[in-house]
Structure formats: structure tokens, C-alpha cells
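Engineer: For reference, the chains in residue letters:
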Amino acid sequence: MSIFEYNGSALVAMVGKNCFAIASDRRLGVQLQTIATDFQRISKIHDRLFLGLSGLATDAQTLYQRLVFRHKLYQLREERDMKPETFANLVSAILYEKRFGPYFCQPVIAGLGDEDKPFICTMDSIGAKELAKDFVVAGTASESLYGACESMFKEDMEPEELFETVSQALLSSVDRDCLSGWGGHVYVVTPTEVKERILKGRMD
Amino acid sequence: NCGSALTKMSRRYDSRTTIFSPEGRLYQVEYAMEAIGNAGSAIGILSKDGVVLVGEKKVTSKLLQTSTSTEKMYKIDDHVACAVAGIMSDANILINTARVQAQRYTYAYQEPMPVEQLVQSLCDTKQGYTQFGGLRPFGVSFLFAGWDKNYGFQLYMSDPSGNYSGWKAAAIGANNQAAQSMLKQDYKDEITREEAVQLALKVLSKTMDSTSLTSEKLELAEVFLTPSGNVKYQVCSSDSLSKLLLKFGVTQPAAETS
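From first to last, the protein sequence lines stand for chains A and B. Terminal number for the first sequence in the UniProt record's numbering: 204, no gaps in between. Terminal number for the second sequence in the UniProt record's numbering: 258, no gaps in between.
Among the hints, a few may not be true.
Incomplete in silico selection of chain B near chain A, CB under 7 Å [as the list claims (entries may be wrong)]: (1) Gln103; (2) Tyr107; (3) Lys184; (4) Lys188.
Just some of the chain B residues that point at chain A, by a computed CB distance under 10 Å [as the list claims (entries may be wrong)]: (5) Tyr74; (6) Ile93; (7) Asn96; (8) Val100; (9) Ala102; (10) Thr106; (11) Arg193.
Hints are computed from structural coordinates only; laboratory data are not their basis. All C-beta atoms, glycine included, are put in the ideal place defined by N, C-alpha and C.
Let's have the full structure, built from the sequences with the hints guiding it.
Structural biologist: In C-alpha cells form, the structure reads like this:
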């Protein structure tokens, strides 16, 4: 079994009309055994920037802590929050630092940039960025997620419709993956508010 | 005033920071404190629901590009801030060091660094420059204001020697001794944050050299708990500060023009 499949994960981020959604599954496993059903894979960097980390959970936690360190110092020195594009570059640089002994994570970054324009991107475990205008996926369920998103995605969806789309894409994909599931965690972010919702799907 | 007491003999022991004089003094450290005695003053007051920091801005010129950044107050972490007096470039180095130290602690222990530990860690850095390396000490004094879950609100003062202690009210920079004695008279143990702001502004107005007090010459910041229980560091806006100065009768209102 690949090290990326050790804990199991599913992550997806989608762009809507002046908003974005980022969603993950809630399972934390050790190979075939389920350890937790409330694992947080998505973390807030600041009010308009979210980071999801799929892959090996220990590396995801450590990487997140390192990024908080860097972002906090950035905030203190620049006296402002980091833009999503800048943050993506930072994540990419930190991952490449470990080029020959990498973090076994695949990050998904979603945020609102200048003029409230939604920004999403993903990268591989050594920092190769993939910017997308519609959606990005990561994790053990990524192949199913690609298919589900490709068929369900529409441009310029309003927050409510975006939530429905992301949720359906996530739940149907994790059902085809034994290593991810046990519900979903969806954040829908608009310039004015962040809505966090828990999904109940097949609990297996 | 320790500068005036130096004799010709001291010249032999001035040039190296890392040696004592025959009288057991570290002259470079004392000279650093002289530099701070000429800098803009800062006052810190500990109250039961927060810590107040007020600073006097020495650099006021119409030509200065106004920005949102502060000159005297700096945030070190979400729960700790500081006011500086002395050489600004030295202060910037130490503030950056303090910020990195606070983040390193949080990275290791996943919780905010206790205020005293942060102060001690920074003072250890300052002390290094008085004992080895042959480098001069930093010409900065700090007033640290913060909150942690162990000891609640705290106020610390540190100087170029790397010495620090906790205070209920403290003053650094120009006329700090006059300010300190005024604080000693008027400080009460159960002072509230609003009373502390009033006291700080009153003391600063009396000890500042300038004739009139306006919000352009001052900076005011507070560290307190929000209703939801989180620590917040807030710098007072220029408008609110002007209103406060008027309210406490510490400034002349704008002259009526016909």
C-alpha cells in the first residue's frame, strides 16, 4: 500500500460566483481500520483563506503547524493577511525544501483574493502547483472526485447551489473509496461569511 | 544622570562591553541607557481587566508619510505587545527576534508562549551582548504587555542590560523618573482599564516636553479580553484618541475660527 493511502482522505474545492467551497471527508484510518470519524482535514489560515491537506495525517499536521508559523510572522511584519496566491507559493516552496525527503501530503488551497475573486489550487507532494478555474481534488478518492466534479460542475454557481454540488460530488465519490468517508465537512466562503456544515453520508 | 558622574578614569574601560570597570560597572550598558533617556517616553499600566500602553511620538513632521503602522507599539503575538523607547533600528531587530521566538514556542507546544518566558527569552538575547562577542548592547528599553492563562494580565519592563521585572505601572524613555514617581502616587491596585488609560494620558501629558498634546504626538494601545474570552491587542485610532484627550481634559480643544 502506498504511503499516501495509509490514512485515507478526500478533498475537493470548487469555485462559485464570488465564493468558493472546500470540502473533505471525516475518516481517519490506519490502513483498513477506522480510528476517527471526526477528523479535521481543512484548516483556516485566515478569514478568507482555507487549507486542506490530504495524505499522511502526521505530515498534514506538521505541515499545517509550519505554515501557521510562517503566516503569523508574515501577518506581524506586513500588518495584513496573506493573499491566496502568495500563500500557495509559500506552500510550494516549503514542500520543495523537502524535495528528497518529502511531506506525504497533497494540499488544496482555497481563498478569496483581491476584489473577492475566488482562488483555488492544488499541488503534488513536492510543490508542483496546479491552478484551476473550476475545481481541484485530492486524496485517495481523487479519481472518483474528478469524474463527479467534471459532470456536476457549472460556472458561476451561487453559494447555496455550490454547497449542494460540492456535497453531492464529495459523498458520491467517497462511497466508491473504502478509505475515505464517514460523512463530510463543507465550508462555503463568501466575502461576508463562512458557512461550515457537516454532512451525513454512508457511515462506512 | 549617571553620565555626569563618569570620571576620566572610565575612558579606559569604555571601549569593550565585555569587561567591568574597577567600580564594578558596565559602562557600555550605562551609555545605552543614556541613549534611551533621550528617546520618546512610553508608559505602561496594569489594570484588572487589561494592560494599557501609551507612547510619545518623537518624530512628528508634516513631511512624514502617514501610514497605519505604529512607531512606538508593536505586536509580538496575538497575546503580547510591546512599547519601545530608544534606537528604533535596534528595536526592530529585537522585535523580530521576539516574534520568531514566540512562534517557535507555539510551533513546539501548540499554545501561546507565556508572557514571562517570552520576556526572559528576549532578555537572554540582550544579555548575550553584554558578556560576549565584543558587540555593543541594544539601545532599547521595552515595556511588554500581555495575557496568558497562568498569570492573567502582566506588564514587564526590560532594559539594555537584559534585566527585567514585572510592574504594576512603569515608564521608559525621556523623563521616565518623573513619570514613575507620578505613577507611584496615583496608581491604585484595583484600577480599571478606563481609569488606567486616563492615568497614563494624564501622566504623559505632564511629563512630555511639548506644550500642547494632540493625538498626532501619541500612540495608545490596549491588551484586553474580548467578551468571548480571546485576548486582543488594539491600537487606538487617531480620532478616538483625540476624543479621549478631550474627555479627560488633557488637551486644548481646537480653537474656534470665525
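Engineer: Please go over all the hints and tell whether each is borne out by the structure.
Structural biologist: Against the structure, the hints:
no.: 1; hint: Gln103; verdict: holds, 5 Å
no.: 2; hint: Tyr107; verdict: holds, 5 Å
no.: 3; hint: Lys184; verdict: violated, 34 Å
no.: 4; hint: Lys188; verdict: violated, 34 Å
no.: 5; hint: Tyr74; verdict: holds, 8 Å
no.: 6; hint: Ile93; verdict: violated, 13 Å
no.: 7; hint: Asn96; verdict: holds, 8 Å
no.: 8; hint: Val100; verdict: holds, 7 Å
no.: 9; hint: Ala102; verdict: holds, 8 Å
no.: 10; hint: Thr106; verdict: holds, 7 Å
no.: 11; hint: Arg193; verdict: violated, 24 Å
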